[in-house]
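Q: Going by full-length UniProt numbering, the sequence shown opens with residue 1, and the numbers climb by one from there.
Everything labelled a hint here was simulated from the structure, so no lab data went into it.
Watch out, some of these pointers could steer you wrong.
Distance ranges between label pairs, derived from CB positions [what the hints assert, rightly or not]:
| # | residue 1 | residue 2 | range |
| --- | --- | --- | --- |
| 1 | Q159 | S220 | 21 to 31 Å |
| 2 | T126 | D229 | 44 to 54 Å |
| 3 | T113 | S141 | 16 to 26 Å |
| 4 | E131 | D229 | 46 to 56 Å |
| 5 | P152 | D2 | 18 to 28 Å |
| 6 | P152 | Q182 | 15 to 25 Å |
| 7 | G96 | D138 | 10 to 20 Å |
| 8 | D175 | S117 | 41 to 51 Å |
| 9 | R169 | P252 | 43 to 53 Å |
| 10 | R183 | P252 | 33 to 43 Å |
Positions of the beta carbon are idealized from the N, C-alpha and C atoms, including for glycine.
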Amino acid sequence: MDITLPRLSARLPGISMAGFGVRSSAFVDIAMVAHPSVTLIVDLSDAGGIVYDAEGGRRRGSVVAGLLPGQLRAGGWRGECLQIRLSPVIAAAVLGASTELTGTVAALDEIWTRDGSQFEDRLRSTTSWAERFTIAADVLSRRLDARPSVDPEVVHSWQRTVAHRGRVRVDGLADEVGWSRQRLWSRFRSQLGLTPKRAAQLVRFDHAAHLLAAGHPPASVAAQSGYVDQSHLHRDVKALTGITPAAVATAPWLAIDDLAWPARHL
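Hey, can you work out the whole structure from these sequences and the hints?
A: Below, the structure is given as structure tokens:
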């Protein structure tokens, strides 16, 4: 698999992009691991196409996977695709549907309607990854400028959750922004699509998953990631992915993560 990253000039805060190319004739079947971002995968292949499970059936083409996308399996694909990861704060503006997307998989043209098809056509009009990244950055920045932003208090709470790798308390976040716990809970959920507690769980899991993929033993990972013990880690991993920590450690999706996203922006 070939991986291409954008130059600094094509990067936007809260948005990460990577281009993928599969040159083998073999088909690919990779299960996504739950991740604290909304993932947009634009299919640029000439043949085969991305095939994924959604709404009880098999579908093809560009796809948007909401937070907690453990049920998505991308298979039968060969060719090229552009993958974009959006912080929930950014996704709320860019997609305008973060709440509805949580835990779901949807076709890109269902989320962006005609704009999705036009976006895909522009990307297909060139084979240069540099141009594709520039096109994507332009489209995303325009959508950001045209839509209302998330409350500063919600942004602060999300950023603190990420900075502390999920080891935060909702009461503490509410005190920091001067809101009641109930108000923070309500605004956070309505704007980002998940509760502050769920966000902390997902960010903490993401840190633990990468430690597991790096070869750290589960007991050590549990201690480093803020879990009570190894059993707590096991329960959280099973709840979020449906598989064990040992299986997460060898997940193909994580195997290329540090190559595609060397500096992850959640």
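Q: All hints, please: hold or fail.
A: Right, here's what the structure says about each hint:
no.	hint	in the structure
1	Q159 / S220: 21 to 31 Å	holds (27 Å)
2	T126 / D229: 44 to 54 Å	holds (52 Å)
3	T113 / S141: 16 to 26 Å	holds (20 Å)
4	E131 / D229: 46 to 56 Å	holds (50 Å)
5	P152 / D2: 18 to 28 Å	violated (40 Å)
6	P152 / Q182: 15 to 25 Å	holds (18 Å)
7	G96 / D138: 10 to 20 Å	holds (18 Å)
8	D175 / S117: 41 to 51 Å	holds (46 Å)
9	R169 / P252: 43 to 53 Å	violated (35 Å)
10	R183 / P252: 33 to 43 Å	holds (41 Å)
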